[in-house]
Amino acid sequence: MKAAHLRLAVVVIAVLVLAGGSLGYVWHARHRERPPQQAAADGSFTLDEPGLYFRDSATGRVARLPARGAPRVTGGPSCDRFYAAGERALCLRRLPGLPARTRALVLDRRLREVRGVTVPGIPNRARVSASGHLLSWTAFAVGDSYATSGFSTRTSVLDLRTGYLIKSIEDIPLTIGGARHHAPDVNYWGVTFARDDNRFYATVSTRGRTHLVEGDLRDWSAKALRENVECPSLSPDNTRIAFKKKVSDDPRAPWRLYVLDLAGMREHPLAESHSVDDQAAWLDDSTVGYALPGREGRTSDIWSVPADGTGEPRLLAAGGSSPVAVR
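Letter 31 of the sequence shown, counting from 1, is numbered 31 in the UniProt record's numbering, and no numbers are missing.
Relax, there's no trap hidden among the hints.
Simulated pairs of lysine to any residue, SDA-like, Cα-Cα distance not exceeding 20 Å:
1) Lys-245 x Asn-228
2) Lys-245 x Glu-267
3) Lys-245 x Arg-256
4) Lys-245 x Pro-269
5) Lys-167 x Ser-205
6) Lys-245 x Gly-208
7) Lys-223 x Asp-171
8) Lys-245 x Met-265
9) Lys-167 x Asn-198
10) Lys-167 x Pro-99
11) Lys-245 x Pro-306
12) Lys-223 x Val-186
13) Lys-245 x Arg-209
14) Lys-246 x Ala-224
15) Lys-167 x Ala-100
16) Lys-245 x Thr-287
17) Lys-246 x Ser-273
18) Lys-223 x Asn-238
The calculated label-pair distances, taken between Cβ atoms and stated as ranges, are:
19) Glu-113 x Arg-207: 33 to 41 Å
20) Glu-227 x Asp-42: 42 to 50 Å
21) Ser-44 x Arg-295: 28 to 36 Å
22) Arg-327 x Gly-177: 33 to 41 Å
23) Arg-161 x Gly-97: 27 to 35 Å
24) Ala-130 x Trp-220: 17 to 25 Å
Derived from the structure by calculation, the hints contain no laboratory data.
C-beta atoms are modelled at their ideal positions from N, C-alpha and C, and glycine is treated no differently.
Start from the sequences and build out the full structure, keeping to the hints where you can.
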């Protein structure tokens, strides 16, 4: 009888130890993955003031640089990715817990929420059309870097004119080399919209190659234009695309910023010699902004460079990411 009780006690203790270990692992994972405290914008922080808006790395909130040399203004919403155009802004937040989820928040010019969508994955890319009618975001469903082979993306498009949400554009009929392309490994990311609120450009990855595609929302079709173009960003005049081009197999520095002239499909490198893993933003028709790993312990810094390939990079905002010029 005593032996039976002893065996029972041992089993109970083992179960408690295992359960405690499992709970400890879950708590540790969730604690480790918990994002910064989420906050709405302060009442006085809106998009009505022109300037460079960006995510402040120290606070995780959107900040603004009113003019060259002026101190940053804080008080925007908490976002992991941010973009704004027209009458709308898009704020991507990583939600706490596992598996990873992203909350895409549509904001008005006072940065108040008007709609929210939750999707699986880690926040990655955000764009708003010039009119503010179309929004797109990309989340990593697996992994967290384009430099690895084992990643999967989910790219959504939201039309605020109709309220229609395309949860994933992977099903859009795709043409590569003049032939309809079918493959199970198709991934899209980095949408950028044309001024007509119909055409868009994006990156598609399939069979080990990346392509710049031009999409048509009304016709629901996409065609590949050029290989080795990632994270395209259409210029305000809709004539050029800034993008990152893979120039090396070194995972520490695989990309370099380029600009592509859509009329002649000619490309040229920009004066930034560092590897840029970002979807660049046009600050005006002649200047491109982007984020690089930060210096002096900062997560990231925002730089700018002339779009014609001349000049040299200039530091705009230390400790920032997701730059967008608001006028």
